[in-house]
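> Chain by chain, the residues:
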Amino acid sequence: MHPKRKQRLTLALAIVVLSSTAIGLVAYALRGNINLFYPPADVVAGLAPVDRAIRVGGMVVEGSIQRSSTDLTTTFQVTDYSGVVTVSYTGILPDLFAEGEGVVASGTLQSDGSLLASEILAKHDENYMPPEVAEALEAQRTSGYDTSMIREDAGAS
Amino acid sequence: MWKIIHKFGSPPWFFRFATKAVQWLLPLMLIALAVGCVWGLLYAPPDFRQGNSYRIIFIHVPAAVVALAGYYVMAFAGLVSLVWKIKMADVAMRAVAPVGAALTFVALVTGAIWGKPTWGAWWVWDARITSMLILLFLYVGVVALFEAYENPEVAAKACAVLSLVGTVNIPIIYKSVDWWYSLHQPASIKFTGESAIDASMLYPLLVNIGAFYLLFAVVVMMNMRATLLETHTNAAWLREAVD
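Chains A and B supply the protein sequences, listed in that same order.
Just so you know, this note's numbering puts 52 at position 52 of the first sequence, and the rest follows in order with no gaps.
Just so you know, this note's numbering puts 1157 at position 157 of the second sequence, and the rest follows in order with no gaps.
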């Protein structure tokens, strides 16, 4: 290769490597701010600031949703399976909000450790399937079969 | 091998090649797009949780995938332009930028439309969404930078440096959902192991991803031809090729 081109190629690759390193370090340093929400475990451990707008994300605990009979207030618990935070919210909830589903609540942390939410966002996972498949999976789960066995059987037949 | 690569650097050869390629790829793209859209929007089953609203995935994901891949095409053209000073690389870089910007814009808009009914918000400053917005700015920045210089060679150099610096954003967009807590869910299509999307929805999605790649190739080549028409107006080979 022509030495001048070689020099330019080195320069171009240096631009890519150096700028990537710089931006990578910045992103690493700011990782706390890039995270959209605190997991409940961090809130329980006292890592989240009190009386400031924060977001808490996790799964809605099964059986924890309590709806007020007089207004739109809903109280529920959010967990990441190592900590639990109680959230109360007054307003209309997104369609995908349900027990056992993901949720991101933004609001302020009260001194008693609960979150007074001003916005609730539903967080869904990456699984997409037809309703029949979901029903079949649910039936397998509740009947206590080992699902890996069933899948192998279905594949063989 | 080198002969073929050298041919791509020749405007007359590329003009004829692109004319032929567009002739073949354009109908193929239209068929793939029609098959993918009809299959995805009419025949694929509804999702167990989101019902029919998930169907925007058939536009959202292909646009986003090709917007990311297109950036590497632009950055590679930038590298070639910077190191080997090949004019056609400048033309390619210039042609990719607006197409990539349009695809990124489509991905962001369909994402917002999808986000409202499922998440409950049009826009969230989530790592994935924010880095995608930066991608839009990078593409628009390259378009603007090309226009900002009088001298096309200086413009190409500046754009090449900008697109090379911007490559760091692509892995960030791709991995953002795994590295940080985000509202956007992780990828459903997995290169290794079983995809998290049912086969009945995956196949039309893959057809549409292919169609969007073809769309990208066709529009970029048409764009490059238009630039050649503009810059070589009086060239004899061009008069010959057009007649």
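These are calculated hints, taken from the structure and not from any lab test.
Cβ atoms here follow ideal geometry from the backbone N, Cα and C, with glycine treated the same way.
Hints should not be assumed to be uniformly reliable.
[Said to hold, decoys possible] Below 27 Å or equal to it, Euclidean Cα-Cα: the simulated DSSO-like pairs (lysine-lysine) are: (1) A:Lys-4 to B:Lys-1157; (2) B:Lys-1003 to A:Lys-6; (3) B:Lys-1020 to B:Lys-1003.
[As the list claims (entries may be wrong)] Label-pair distances were calculated between CB atoms; the ranges are: (4) A:Asp-95 to B:Tyr-1072: 33 to 41 Å; (5) B:Glu-1240 to A:Val-17: 51 to 59 Å; (6) A:Glu-135 to B:Lys-1175: 41 to 49 Å; (7) A:Glu-99 to B:Leu-1042: 29 to 37 Å; (8) B:Trp-1125 to A:His-2: 45 to 53 Å; (9) B:His-1006 to A:Ala-29: 57 to 65 Å.
> Compare the structure with each hint and give your call.
Here is how each hint holds up against the structure:
| no. | hint | in the structure |
| --- | --- | --- |
| 1 | A:Lys-4 to B:Lys-1157 | holds, 16 Å |
| 2 | B:Lys-1003 to A:Lys-6 | holds, 20 Å |
| 3 | B:Lys-1020 to B:Lys-1003 | holds, 19 Å |
| 4 | A:Asp-95 to B:Tyr-1072: 33 to 41 Å | holds, 37 Å |
| 5 | B:Glu-1240 to A:Val-17: 51 to 59 Å | violated, 45 Å |
| 6 | A:Glu-135 to B:Lys-1175: 41 to 49 Å | violated, 34 Å |
| 7 | A:Glu-99 to B:Leu-1042: 29 to 37 Å | holds, 33 Å |
| 8 | B:Trp-1125 to A:His-2: 45 to 53 Å | holds, 47 Å |
| 9 | B:His-1006 to A:Ala-29: 57 to 65 Å | violated, 45 Å |
Against the hints set out earlier in the document, violations occur for numbers 5, 6, 9.
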